[in-house]
Structures are given as structure tokens and as C-alpha cells.
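Take the sequences, apply the hints, and build the full model.
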Amino acid sequence: MSESLFGIHGAALELRSQRMGIIASNIANAATPGYKARDIDFAAALEDRKGGASSARAVEAATRYRVPVMSSLDGNTVELQAEQLAFSENAVGYAATLSFIEGRVNSITRALKGE
Numbered sequence: 001m002s003e004s005l006f007g008i009h010g011a012a013l014e015l016r017s018q019r020m021g022i023i024a025s026n027i028a029n030a031a032t033p034g035y036k037a038r039d040i041d042f043a044a045a046l047e048d049r050k051g052g053a054s055s056a057r058a059v060e061a062a063t064r065y066r067v068p069v070m071s072s073l074d075g076n077t078v079e080l081q082a083e084q085l086a087f088s089e090n091a092v093g094y095a096a097t098l099s100f101i102e103g104r105v106n107s108i109t110r111a112l113k114g115e
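Mapping the sequence shown onto the UniProt record's numbering, position 29 (from 1) lands on 29, and the numbers just tick up by one.
What the hints contain is simulated information worked out from the structure, not anything from laboratory work. Among the clues, some could well be false.
Stated by the list, open to error - Simulated restraints on C-beta separations:
(1) 108 to 75: 49 to 55 Å
(2) 7 to 85: 25 to 31 Å
(3) 100 to 56: 20 to 26 Å
(4) 74 to 112: 56 to 62 Å
(5) 38 to 5: 29 to 35 Å
(6) 50 to 98: 33 to 39 Å
(7) 111 to 80: 42 to 48 Å
We put the beta carbon where it would ideally sit given N, CA and C, even for glycine.
Here it is in C-alpha cells:
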């Protein structure tokens, strides 16, 4: 039912939330020797979700390791500035998706009240 009400936005919100967790994990491990930064190819994950894959399967299939611009001596591939930028961009997308869903819920509520 939620898919017919919200379209792809419900799945997009879930994927953005999971991506935010992965990026936050990268930031938290910025000083961990040998840590390999990961990210989700959001477009690929969303396509998988639209194709009927579960959220977990879509995220797993779309998770990629980041290739650092500047390699570190300890093998850590986290570049803090790139992670912060990715986190900010994802947060904006999350807020926009959430705003769309909120507007849809408000429209449905007004329709049910007869306004």
C-alpha cells in the first residue's frame, strides 16, 4: 500500500538512510589503519529496488569500495573531505525525499478530512 501512495520515495528514503550509515561509518574509521571506505551506488540500488529486490539485497549489490585520490601509508582509504561532502549531499537528498513524503501525507490527510 505504501508503494502505491508514495511511489519510489519510500524505497529512496530507506536507501538514503542506509547510505548515511555507511558514510558515517567511514568517517568514524578515518584514523583506523587498513580501513577501506565504502559507499552505495544510489542509482544502482534504487534500480534494484524498483526491480523488486529487497532493500538489503539492493544495498549489498550496489556497495562499492572507494578509490582514494591520495593513498595513505597505513592503507586507510577514507578521505575525510570527500566523506563529509558525500554525507552532506546525501542528507540534502534525504531531507528532500522526506519533505515530499510529508507533503503527500498532508495531502491525503486533507482529502480525508474533506478540506
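The hints, checked one at a time:
no.	hint	verdict
1	108 to 75: 49 to 55 Å	holds, 51 Å
2	7 to 85: 25 to 31 Å	holds, 28 Å
3	100 to 56: 20 to 26 Å	holds, 24 Å
4	74 to 112: 56 to 62 Å	holds, 58 Å
5	38 to 5: 29 to 35 Å	holds, 32 Å
6	50 to 98: 33 to 39 Å	violated, 19 Å
7	111 to 80: 42 to 48 Å	holds, 47 Å
In the structure shown, a violation is registered for the earlier hint numbered 6 alone.
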